[in-house]
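K.L.:
What follows is each chain in one-letter form.
6 protein chains.
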Amino acid sequence: MSNEYKFFEDFKIEESYMTAGRTITETDIVMHAMHSGDFMPHHIDEEFAKSQPIKHRIAHGNLTFVFSTGLIFQTAGMNPNVMNYGYGKIRYPGIVYIGDTIKTEVKVVDKKDAKQPTHGVLTQTETTTNQRGETVCYVEHMLYVTKRNPKA
Amino acid sequence: MSNEYKFFEDFKIEESYMTAGRTITETDIVMHAMHSGDFMPHHIDEEFAKSQPIKHRIAHGNLTFVFSTGLIFQTAGMNPNVMNYGYGKIRYPGIVYIGDTIKTEVKVVDKKDAKQPTHGVLTQTETTTNQRGETVCYVEHMLYVTKRNPKA
Amino acid sequence: MSNEYKFFEDFKIEESYMTAGRTITETDIVMHAMHSGDFMPHHIDEEFAKSQPIKHRIAHGNLTFVFSTGLIFQTAGMNPNVMNYGYGKIRYPGIVYIGDTIKTEVKVVDKKDAKQPTHGVLTQTETTTNQRGETVCYVEHMLYVTKRNPKA
Amino acid sequence: MSNEYKFFEDFKIEESYMTAGRTITETDIVMHAMHSGDFMPHHIDEEFAKSQPIKHRIAHGNLTFVFSTGLIFQTAGMNPNVMNYGYGKIRYPGIVYIGDTIKTEVKVVDKKDAKQPTHGVLTQTETTTNQRGETVCYVEHMLYVTKRNPKA
Amino acid sequence: MSNEYKFFEDFKIEESYMTAGRTITETDIVMHAMHSGDFMPHHIDEEFAKSQPIKHRIAHGNLTFVFSTGLIFQTAGMNPNVMNYGYGKIRYPGIVYIGDTIKTEVKVVDKKDAKQPTHGVLTQTETTTNQRGETVCYVEHMLYVTKRNPKA
Amino acid sequence: MSNEYKFFEDFKIEESYMTAGRTITETDIVMHAMHSGDFMPHHIDEEFAKSQPIKHRIAHGNLTFVFSTGLIFQTAGMNPNVMNYGYGKIRYPGIVYIGDTIKTEVKVVDKKDAKQPTHGVLTQTETTTNQRGETVCYVEHMLYVTKRNPKA
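Same order as they appear, the protein sequences are chains A, B, C, D, E and F.
As numbered in this note's numbering, residues 1 to 152 make up the first sequence, in order.
As numbered in this note's numbering, residues 1 to 152 make up the second sequence, in order.
As numbered in this note's numbering, residues 1 to 152 make up the third sequence, in order.
As numbered in this note's numbering, residues 1 to 152 make up the fourth sequence, in order.
As numbered in this note's numbering, residues 1 to 152 make up the fifth sequence, in order.
As numbered in this note's numbering, residues 1 to 152 make up the sixth sequence, in order.
Bound-form chain A, shown alone (with noise of 0.2 angstroms):
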């Protein structure tokens, strides 16, 4: 509710935020399947699964992925200064069943300048994980930020 947005200035290395958490529901699978138009029987065809040394369909990782973008947009809100550069890097060392509740600490670990004086260049890692702690999806998230005070 603030109209104070942050400059790349505001923000520094080590801060970080928890978002709030999100059930992975059967609905969502099938929603993304849909979605992308990707049905890997991974994710929708449960004899598959079954023969499968995981034994159950399980979320995309993509599905993991764009949802911890929703869940960061319901913490930190909209800031015009913050545009997406782009990700540096995503992993998925843990798998998502239907039933699990995913949440996302995104913390700041590196600033640098961008080519335009303008701007800086601000990575955040935006790390996932489910009910028991464990991490299921690794992000580094690279923000093109605009400087309140753009060096002469």
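Hints are computed from structural coordinates only; laboratory data are not their basis.
Any given hint could turn out to be false.
Covered stretches of chain F, going by a simulated chain E footprint (3 or more residues, C-beta under 8 angstroms) [what the hints assert, rightly or not]:
hint : segment
1    : 80 to 93
2    : 98 to 108
3    : 124 to 133
Calculated cross-link-like contacts (lysine-lysine; reagent style DSBU-like; alpha-carbon spacing at most 35 angstroms) [to be verified]:
hint : chain 1 : residue 1 : chain 2 : residue 2
4    : B       : K107      : F       : K6
5    : A       : K6        : D       : K115
6    : D       : K50       : D       : K12
7    : E       : K115      : E       : K6
8    : E       : K6        : E       : K50
9    : C       : K107      : D       : K50
10   : B       : K6        : A       : K107
11   : A       : K55       : F       : K50
12   : A       : K112      : A       : K50
13   : F       : K55       : F       : K147
14   : C       : K50       : C       : K89
15   : A       : K115      : A       : K50
16   : D       : K55       : E       : K50
17   : A       : K111      : B       : K107
18   : A       : K89       : B       : K147
19   : D       : K55       : D       : K151
20   : F       : K89       : F       : K112
21   : A       : K50       : F       : K147
22   : A       : K112      : A       : K147
23   : B       : K147      : A       : K115
Keep in mind it's a predicted model, so treat the numbers as computed, not measured.
Cβ coordinates follow ideal geometry from the N, Cα and C atoms, glycine included.
For chain A, the structure is supplied; the task is to place chains B, C, D, E and F on it using the hints.
P.N.:
Just chains B, C, D, E and F, lined up with the frame of chain A:
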């Protein structure tokens, strides 16, 4: 329709293919906001969008990314020898507007042994372009692939 | 299928009907969160829900309300003589859990002249109950209805 | 991101805030018909709509209402001290067309003791306007709020 | 709203009714591709469509067909004496474009005894036309209907 | 990935293939009711279903049918030489319950000349079975296919 799934040895550096296309609709953007929970005004608030340099609502970068995964599935199908290892890099060098049509070129760019002798790690670039040939999403995708003949 | 739409004069105080039923699924709750943008943890975070007195994810009150409007449409159909004027009162005296089945009883409780002599304002209660007969949503709905014979 | 949730005593009469905006799309109307089951021709039949005074398909009034609940959630977040008690009044004084952008102003207008000494009942108006500042939905929302210091 | 459901004897050859209308939106086509998994480029790739004789993305034939089933439900309601036996013929003599409005005429064309003396098989044509009166979907629908008075 | 699309001459009587599988979820049934507008209580009202011989909510027959079209697309891909001519017969000999997994076998059963010398009409059966091998949907699908060498 073939049962001859490729193993790690069968992938060749520089081999590539192009997916079919998909037009990004207003529906897709609304659905991505709904599915992910990311209701950033850049995507769903036309009045905000008009006040910004781009002037229009645009697709979420991650919408383009997840759509590319569906296009790849629909072209390449499922291969039980292949697991998603993660992403080394994601960039969004171009903007996707409502009505743009995207397709994705997949190219094998790297192969190396995995820690386990039974598997290799394959890196493929997934380059999504719009109808004018401009790159709008660039991904380095790492796959964990079973070897046909693990080294003794 | 009839073309004989009712006018204001045709509605009688105390006349009533019951709609068909609809089972509230996890899908409906996820869809309501997605559609409305209301991702309150009471509805989508099982871990949060378990920490609260109710112990389970529950349906949004407004989900029950909007579902009652669909059930009414499917029973009563469309009447071009009737416009939605608004609601005088909405209460949620009971909780709707995943798997509950709701239906709605509609009863005319008040009729009065509108400011315009061509129309009347009709109030109907829309009482939604679950499969145990417990009221879970109570609405006073005001309709603006064309008169067959406007007073001179 | 704060853990300092407001209690009943912390809300002040006349305090207010404005949510972010959301553009109402054809997708949202189709989705509302699908979700609720209310396929009234005013919303989904362009030929019927052309035969009526308004001439265009329009949003369900309740679509605007439920979207306002999502906009409020995205601005105000979750407060475990607050429960939805119901609505005292809902009015739809204006029409929402495809392409209109809505936002909601929330203002505290009344506070009174509840039957239970541990809680109070707070009434806030939720006034949704379009991009021209015209009110399209007006709601009196009653909330059941925990007191920090219940009277002995 | 009536409890007097029709039995086999009550249906008369040549009896017919017309449903309400529904406008086919881009949303519906995207949703049909998502729901069915049929992402044929004729429906979702505008660049492909422009290269074909028809020049535009068009609705899936089966989208029109399943929408006609919904329109029929909304007009005729549920009858527990009637079961879906199957379809004798489906044809798509016309193309449905985004923005077209369809409605369906249902006509009883045949009645015959079923193998079981308790039931009859009724055939009704379901003819869906667009706003210009052109037939876009023609269906011969067979229903298995309980008799009021089974022959001894 | 091949550019060598089949022509009419290339299809052989008795040639066949099997699609991948898809598990029918509660989500799919709710989505089919929403998408089609067919909210028959057999599919969405658990209390009604319990009162009927089958005792459970079941999938719409047409849900199974449209899912088979998606499964076929995902296996066979797009062929610009093939157009949907219609269906000669659809039957639903078995019931699909929530949690069942379906797949479809496609077999060419007939080929004949079309009125236009440039095309032929091919009939293929599309037989959808559940995880126990029981047929739940049987379709005779007619395709209008371009000839490589039209007869002079």
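K.L.:
With the threshold set at 35 angstroms, check whether the alpha-carbon distance from B/K107 to F/K6 stays at or below it.
P.N.:
Between B/K107 and F/K6 the Cα gap is close to 26 angstroms, so the pair holds against 35 angstroms.
K.L.:
Against the 35 angstroms threshold, does the CA-CA distance of A/K55 and F/K50 hold or violate the hint?
P.N.:
holds, 31 angstroms
K.L.:
Keeping to a limit of 35 angstroms between CA atoms, is the pair of E/K115 and E/K6 held or broken?
P.N.:
holds, 20 angstroms
K.L.:
A/K112 and A/K50: Cα distance at most 35 angstroms?
P.N.:
Violated: A/K112 and A/K50 sit about 48 angstroms apart, past 35 angstroms.
K.L.:
Check the hint pairing A/K115 with A/K50 against an upper bound of 35 angstroms on the C-alpha distance.
P.N.:
violated, 51 angstroms
K.L.:
Assess, step by step, whether the Cα of D/K55 is no farther than 35 angstroms from the Cα of E/K50, and give holds or violated.
P.N.:
Satisfied, since the Cα-Cα distance of roughly 31 angstroms is no more than 35 angstroms.
K.L.:
Within 35 angstroms, alpha carbon to alpha carbon, are C/K50 and C/K89?
P.N.:
holds, 31 angstroms
K.L.:
For the pair supplied as a hint, F/K89 and F/K112, is the alpha-carbon distance within the 35 angstroms limit?
P.N.:
The given pair, whose Cα atoms are some 18 angstroms apart, holds under the 35 angstroms limit.
K.L.:
Starting from E/K6, check that the Cα of E/K50 is at most 35 angstroms away, please.
P.N.:
Not satisfied, since the Cα-Cα distance of roughly 49 angstroms exceeds 35 angstroms.
K.L.:
Within 35 angstroms, alpha carbon to alpha carbon, are B/K147 and A/K115?
P.N.:
violated, 43 angstroms
K.L.:
Next pair to validate is D/K55 with D/K151; report whether the Cα-Cα distance is within 35 angstroms.
P.N.:
violated, 57 angstroms
K.L.:
Between the segment 124 to 133 of chain F and chain E, see if three or more residues pass the 8 angstroms beta-carbon test, and mark the coverage as holds or violated.
P.N.:
This one is violated; 0 residues, fewer than the three required, reach chain E with a Cβ under 8 angstroms.
Violated hints, listed in ascending order, are 2, 3, 5, 6, 8, 10, 12, 13, 15, 19, 21, 23; each of the other numbered hints is respected by the structure.
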